[in-house]
Amino acid sequence: MSQGFGLFLKLASVGFILSMQSLIKTLEGALPPTEVVFFRAFLSIPFLLVWIGGQGRLHVVLKTENLRGNLMRGLMGACAMSLTFAAISYLPLPEATALFFFAPILTTIFAVIFLKERVRLIRVSAVVAGLIGVLVILWPQLGGVVGASDEAAAQRSLGAMLALGAACFMAAAKILVRRLVGRDHPSTVVLYAALTASAAALLTLPFGWHWPTGPQWAVLFGAGCLGAVGQALLTTAYKYADASTIAPFDYSSMIFAILFGYLFFSELPSLQTLIGAGVVIVAGGVILWREAQVRGSTLS
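1 is the number of the first residue of the sequence shown in the UniProt record's numbering; add one for each residue after it.
No lab work stands behind these hints, which were simulated from the structure alone.
One or more hints might be untrue.
Think about it this way: if two alpha-carbon atoms lie no more than 35 Å apart in a straight line, the pair counts; the simulated DSBU-like pairs of lysine-lysine are [what the hints assert, rightly or not]:
#1 239 to 63
#2 63 to 174
#3 116 to 63
#4 174 to 116
#5 174 to 239
#6 116 to 239
Computed from a predicted structure; not experimentally measured.
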């Protein structure tokens, strides 16, 4: 029962996060990405404090064994969010989501480089397959989108590069989280991420921020609420189910992306995007499965 409830919470968190991204996509790039990041992170803080207070940890939530690590993780998360919000303003939601799936593959590469993890043939093969899947998705952008104007093709290419940049920062944040796990409570990591993202984004205020209109305020407030609820659901899910059980359900975001893209933006993924996404998802799934095996053998 608890495992099933954990999976339900994970799926709900994915739905909330994709709802947040869909809401932000309606801005159509009218506000700078860093301004959106500020309001997304800052408006989530009250909800996080209520959630942490419900756990009885409000008086100790800022105590950390690794302040520098938490600040770096928050900064990487802020960069990932900024590039994510920029990417979805240029790309269809399913295509952007498919490229974000490159993050777990990059996490394996970064783990070898920065954590000196040993990776055997299975994970190496999965990384190579994931790279091929990304190339399949990117191929129309590399050669120009068929039937698109030069400006439209350039925007799609820029969106693809932004999505890959977001995946890089997602992977970097995941590596930092691995270092923080076991030293700080998850609620501490989440709150520091929101505080750091808010502060970092606020520093960009002199560089082109605009005062939001009424509808834009509604979008920003809604995004902050949806993001906070999604994060709280995700963190709570790990209380009921193992990380190795929950992790593969990240890929359910592709279903939400296709559904929301079609319902709200009349977007349909191309066959090439679906094929490439399928390859990346399988590769990422193999990596997650292999990592779970390695952790299991280490613990035993």
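Going through the hints against the structure:
For the hint linking residue 239 to residue 63, the alpha-carbon distance of about 21 Å falls within 35 Å, and the restraint holds. Restraint check for residue 63 and residue 174: the C-alpha separation of about 21 Å stays at or below 35 Å, so the hint holds. Taking the CA atoms of residue 116 and residue 63, the gap is about 29 Å. The hint holds against a cut of 35 Å. Between residue 174 and residue 116 the CA atoms are separated by roughly 15 Å; this keeps the pair inside 35 Å, and the hint holds.
Of the pairs offered as hints, the one joining residue 174 and residue 239 holds, with about 19 Å between alpha carbons and a cut-off of 35 Å not exceeded. At roughly 29 Å between alpha-carbon atoms, residue 116 and residue 239 fall within 35 Å of each other, so this suggested pair holds.
Going down the numbered hints, you'll see the structure goes against none, and every one checks out.
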